[in-house]
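Chains A and B are the protein sequences, given in the same order.
Numbers 31 to 502, taken from this note's numbering, label the letters of the first sequence in order.
Numbers 63 to 240, taken from this note's numbering, label the letters of the second sequence in order.
No lab work stands behind these hints: they were computed from the structure.
Predicted, not measured: the structure shown is a model, and the values here were computed from it.
Careful: at least some of the hints might be erroneous.
To be verified - Straight-line C-alpha distance at most 30 Å; calculated DSS-like pairs for lysine-lysine:
1. A/Lys-223 x A/Lys-378
2. B/Lys-231 x B/Lys-135
3. B/Lys-229 x B/Lys-135
4. B/Lys-109 x A/Lys-157
5. A/Lys-234 x A/Lys-311
6. A/Lys-183 x A/Lys-378
7. A/Lys-183 x B/Lys-235
8. B/Lys-231 x A/Lys-183
9. A/Lys-157 x B/Lys-66
10. A/Lys-333 x A/Lys-223
11. A/Lys-333 x A/Lys-311
12. B/Lys-235 x A/Lys-157
13. B/Lys-109 x B/Lys-235
14. A/Lys-234 x A/Lys-183
15. B/Lys-135 x B/Lys-109
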Amino acid sequence: MTQTITIDPVTRIEGHSKITIQLGEDGSVADARFHVTQYRGFEKFIEGRPFYELPGIMGRICGICTISHELAAAQACEAIMSVRVEGTAADLRRIVNYASLLQSHALSFFYLSSPDFLLGMESDVAKRSIFGLLETHPEIVRDGVRLRSFGQKIIERMAGRRIHPTWIVAGGVSEPLDAGVRETILAELPEIKALVRRSLDWFKRAMADYHEEARVFANFPTLFMTLVDEREDVLELYRGRLRVVDSTRREILADFHRTEYQDYIGEAVEPDSYLKSPYYKPMGYPDGIYRVGPLARLNVIGKMGTPEADQELAEYRGLNHLSSFYFHYARLIECLHAVERIEDLLDKPSILNPRVRAHASANVSEGIGVTEAPRGTLIHHYEVDEQGVVTGGNLVVATTHNNLAMNRGVLQVARRYIDGENLSEGMLNRVEAVIRTFDPCLSCSTHASAQIPLRVQLLDPAGAVIEEALRG
Amino acid sequence: MSEKVSVATVWLDGCSGCHMSIFDMDERLIELAEHVEFVYTPLVDRKDYPEHVDIALVEGAVSSEDDLNKIRKIREHTTTLIALGDCAVAGNIPTMRNPFGTDAILETGYIETATAGQQVPDSIIPRLLPVVRPIHEIVPVDIFMQGCPPSADVIYFVITELLAGRKPKLNDKTRPGA
Ligand code: SF4
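Full structure from sequences and hints, please.
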């Protein structure tokens, strides 16, 4: 008799997900799958809207990475307008983008994953949360809240509101930077940098206790993809060329302009998930498995491009770059980098320049925008008619790229930790934890990790449910 | 002090922005944790909806069979059900799919824009409903909190008013979209 363990719901991208673990006769893991259970349909329902509404509508894909969606949408619109946003407007967008990275990484690292590191993967489920940490590690909770709110406040101060601001528009940004806001942010930066440094310190110490997790948390060869700067081999989150490297991270397999993405990225559909499975087209499906996001970015680029983050990168290079466990570490290094970059950008004399927006109507019929969202490469692709009314769209969202790797990671961890004969909650928490390393957007990572009524079903050979038990 | 007030935060078909606004209470979230217990939210590992919850903040519209089951269960086990944000209150973004129909939406997502295995996924995962609906069309709602998302200040106000035993008056504090 085979058994299926269902972890339901885990969730992702604006939605919800679950994991099924198939056990064999002897109670060992035969298969494990990650299923995304919600689909929203933005690609269709933008049809008929004027193109310039897209940044505002697309921001509503996600409340965490609104800024990323607005930026990718705006860049696609600018391609349609035949406008390239340069100078101050691009710099202002970059600052807000780094701020968004900070709040998103803080959420993932502190609010969602840190209880696993500080209290233990198999610790008391009732306490294993940021609220539980308030009793044991209140200073770390405060750091997490502070870092997230610092990012959110930059967005609020510069873009007008924290969630779904309307400041990023096709053609630039709607308001220049206020001199007082610049001073306020600059004044807070040293404290935030110190906060990130001490987080790196404790996490590096904690990592020593997680060798086994590092060994089995989605640790296998895949390709890696990210944007890179157009001129230098440094990290570039806002706009650049796309690059794919092999699993040794030494060989560049492809380096291409965003308009060519369909030559390199295919999207497969599996019957048991609303999340598509992108793959590197030249290698076919599913061999063309690749990863995106903080880990992939650090694996692809030569340098971070800021001094303190580059020192950390040197240390990171000593670790096994194939283990997804180090997504967490990569996330913290990116936070340090973001703080350094925000400071550099705010120090530019040109940053207060009031000319921050270009005006144009639709000049070509197609536009593609690509940016690095906190979770990885984000592609928006639109088609419009002569009046600039949208006729079609395609989106490849960061979390989606990692679908094949998340699935394989779930199986790897399940094989290592799940013992069908003596099932425990802690074992299942590790399966969720591998998903958490990828931080697949709040739906997936928080919601996911959060509400997991665990249904164990005993099936007869014909697949009928004989017995069902709820654990929780 | 007596028992803490139990609070759940749930999301259906929403963008998580309303949840972000809850987190945007920042340090006030820590302060609130002294008076309320977040029994069921994306931040804790609780697996099933508790038998009794005092206050539930629900983000998002009702879009899939799962959402439908969840909102019925929540209503049954909750004293004060709050529709949090425009999607929950009036449908908002998720209902943009209604004029096209669920089939057309799925067709675009999984046939037209796919390059391998083109098919509409239908195994293990819940079916999408033919029509997306706001919460009050399925179950009675006690408090409607407009906004996309409602601000952290408004969320804090509502929770603290409820803690003080008052019914929050929101007329001058919220509007759709803001
Ligand atoms: S109301 Fe707005 S912020 Fe809230 S879930 Fe809906 S789209 Fe997101």
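Could you check the structure against the hints above and give me the numbers of any it violates, in ascending order? 5, 12, 13
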